[in-house]
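Participant: Position chain E against the provided structure of chain R, taking the given hints into account.
Protein chains: 2
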Amino acid sequence: MRLSLNYISNCIIFTSREKNMKKSNRIIAGAMSGTSADGVDVALISITGHGLAMSARLLGHHQLPYEPSIREQIFSTRSSGIIGLDNLAKLGKAISHSYARAVNEALAQAGIEAGDVEAIAAHGQTLFHDPPHTIQWLDPALLAAETGCAVVSDFRRADCAAGGQGAPLVPFADYILFRHPTKNRILLNIGGIANITWLKAGGSIEDVIAFDTGPGNCISDHLSRKHDPTGPGYDLDAQRAKKGQLLEQCFERFLQHSYFWQPPPRSTDTPAMIALFDESIRSEGHVSPDDLFATAISITSISIANSIAMFQTDEVICSGGGAKNPLIWQTLEFLLNSRQISLLKSDDLGVSSDAKEAIAFALLGTATLDGLPSNVPSVTGARRAVILGSITPKP
Amino acid sequence: MRLSLNYISNCIIFTSREKNMKKSNRIIAGAMSGTSADGVDVALISITGHGLAMSARLLGHHQLPYEPSIREQIFSTRSSGIIGLDNLAKLGKAISHSYARAVNEALAQAGIEAGDVEAIAAHGQTLFHDPPHTIQWLDPALLAAETGCAVVSDFRRADCAAGGQGAPLVPFADYILFRHPTKNRILLNIGGIANITWLKAGGSIEDVIAFDTGPGNCISDHLSRKHDPTGPGYDLDAQRAKKGQLLEQCFERFLQHSYFWQPPPRSTDTPAMIALFDESIRSEGHVSPDDLFATAISITSISIANSIAMFQTDEVICSGGGAKNPLIWQTLEFLLNSRQISLLKSDDLGVSSDAKEAIAFALLGTATLDGLPSNVPSVTGARRAVILGSITPKP
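As given, the protein sequences belong to chains R and E, one line each in that order.
Residue numbers for the first sequence follow our numbering, so the first one is 47 and each next one is one higher.
Residue numbers for the second sequence follow our numbering, so the first one is 47 and each next one is one higher.
Note that these hints are calculated values from the structure, not bench results.
Among these hints, one or two may not hold up.
It does not matter which identical chain is used: a pair holds within one copy or between any two.
Computed cross-link-like contacts, SDA-like style, restricted to lysine to any residue with a CA-CA straight-line distance of at most 25 Å [stated by the list, open to error]:
no.: 1; residue 1: Lys139; residue 2: Gly161
no.: 2; residue 1: Lys136; residue 2: Gln119
no.: 3; residue 1: Lys139; residue 2: Arg429
no.: 4; residue 1: Lys370; residue 2: Arg225
no.: 5; residue 1: Lys246; residue 2: Leu382
no.: 6; residue 1: Lys139; residue 2: Pro317
no.: 7; residue 1: Lys440; residue 2: Gly417
no.: 8; residue 1: Lys440; residue 2: His179
no.: 9; residue 1: Lys289; residue 2: Arg271
no.: 10; residue 1: Lys440; residue 2: Pro178
no.: 11; residue 1: Lys136; residue 2: Arg312
no.: 12; residue 1: Lys288; residue 2: Gly331
The structure presented is a predicted model; accordingly, all values stated were derived computationally and were not measured.
So here's chain R without its partners, still in its complex pose:
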């Protein structure tokens, strides 16, 4: 099964909707930097159609890691929760320069002129998220000036203003890209935070359920920064977690938190999950760092699996950096296969796992340019569907 899907992915992307391509297509650059703050992903997308009838074709994907100083500043700001206004302004410029460089490099690699890009749909860097308060930081005018493109940005605020959590927003794109007439599907993205989108077989957008399951890589990354400060910032191939033992009491304390019992809509943020972990290990006494890594991975895997178990599903389609973690993957594969659920990577269905979130924001930005809503009220808890984001004109 995997093989045939891989074959499809090598041929063409999102074939099922290519037939809609009679309408003129537009090139949109989706640009995303997640809560793991590893860098900026840019997906160059050719989009045909409008709203839920959009189809998309990936023209290029590029990831630019943040410079270490920017990454450190994002983490220190997020963990302290406080910032000088001068540093806030400077950080906004540094983030925007990174976005601009990532977009320009992606365009150069793909041989696409900036003048042919209708807009950059830029997520910005989440500095704070505690619904209904949320800050995605970016200077869209600077990004526009350095690329020559219009920018759509600040997607979450309109949903918050409509009473929603401002997250997750990717389900709109999940529905467009992955809905299936006869299969129930779950899209699982494991970034700093992990989230799932449930797509009912043959269902409408109103049937979509999605929420943050809890931590993705954020606790493991936090442990890497703490116990391996000169390393890559994450536990490569789960090397440390593999050497550790589960701290059962910490594990149980963590998962007993009320967040994991809240019905959707629910969304969380990395500082909250890291704080909860630090709280959960407080009474452990001396423990081996490797055990902490192992426990973090188990918490991530089991909180994801518990969330998936709430739904009837045929396939779980995984994306994000956590999909590359062998321990998470093995745990999920074991738990899901025992229930006859297939665990796939989004690449297997022709959507690059690394690019998926950037692709999603390209679709969200296109909806905004078309004056169409793109939040999913059943998912965010918003009172109504609204147009997301602000448009900064081409300079």
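Facilitator: Showing chain E alone in chain R's frame:
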């Protein structure tokens, strides 16, 4: 002369450009809160034409003072230069609620439906300004949601991205509203900071010179908050300044600062001016607060007059809260009349002094909606004219 101008202002506003009104007119709400953080001014404007050929008619003006808690938070944030991200997000919401309430009250007073407003052009609250870094804080999606109107906001960033100071931006509107074929004119606005715009008789937009002269009311307001914490937050009718004596050494130290010798373009911000004042009085020993008030007013008046003296001008047209300060007015009137320069209030020319900055942002926002640039590169130092701001769609 005043009488006849007052008569004109009672009849109709901006009559000289009414002849362009054949084109369909649009209603724009300009919304402004300045560095003095006294509240939100809303000017409802009917605009005809495009770009520099725009004409404007004031349909209504409303000022909503900030609630004291918001005002205090803005000042404490600006003076400390540091903020928690949760408070930053909450302050953004509080500012946006104030903007929304001010717009909704202005619309109700004028009997205009939100559906008839093409957009709100909202300045946002300056939290930080040290070019090329600037933060005008506002949640445009929340403002849009609470008014039902599209919002144009964040005007300064695009100019900064083009190498400019992001300020002043009002000269674009000054040129549209006040240019004269045979008179050299200076527009003087005295808010927290004071700034002037010089309009050459019969000149083009490229001839415009404008810059921040230095402090407006910000030092006097700072002294009021310090020495009269339960008062209105400013020195009403210059009562305290009138009782004080000029501290000559402080006065001279202040005006010797290099800022006052910089050629334009130049812009400054209230924390910098307040810090300079505090520095200038440091070696004074014990002084009467009234003397500080008197010295602050002299600094404001003389730094304005020195800036005006750089230009050949027939009229100085004053607006902003400082125009109501009798000591500033008398000082300027004395200094200008001795040079045969008329000192007028913008009200005398039919443009409400209190509403002028809000009117200016309505014009700037309209240019953005039309896809036209509205910075004045000769004024801001930008490399080129650019479209300013981001557009948040009507919800």
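Participant: For each hint, tell me whether it holds in the structure or not.
Facilitator: Comparing the hints with the structure gives:
1. Lys139 - Gly161: within (23 Å within a copy, 36 Å between copies)
2. Lys136 - Gln119: Result: close both inside a copy and across copies, 11 Å intra and 22 Å inter.
3. Lys139 - Arg429: between (34 Å within a copy, 18 Å between copies)
4. Lys370 - Arg225: within (24 Å within a copy, 64 Å between copies)
5. Lys246 - Leu382: Answer is within: at 18 Å inside a copy they meet the 25 Å cutoff, but 76 Å across does not.
6. Lys139 - Pro317: Both ways: Lys139 and Pro317 sit 23 Å apart in one copy and 22 Å across, limit 25 Å.
7. Lys440 - Gly417: Cα proximity of Lys440 and Gly417: in one copy and across copies (17 Å, 9 Å).
8. Lys440 - His179: Only across copies: Lys440 and His179 sit 21 Å apart there, 29 Å inside one copy, limit 25 Å.
9. Lys289 - Arg271: Result: close within a single copy only, 18 Å intra versus 61 Å inter.
10. Lys440 - Pro178: between (30 Å within a copy, 20 Å between copies)
11. Lys136 - Arg312: between (32 Å within a copy, 20 Å between copies)
12. Lys288 - Gly331: Within. Shortest intra-copy distance 21 Å satisfies the 25 Å Cα cut-off; inter-copy 68 Å does not.
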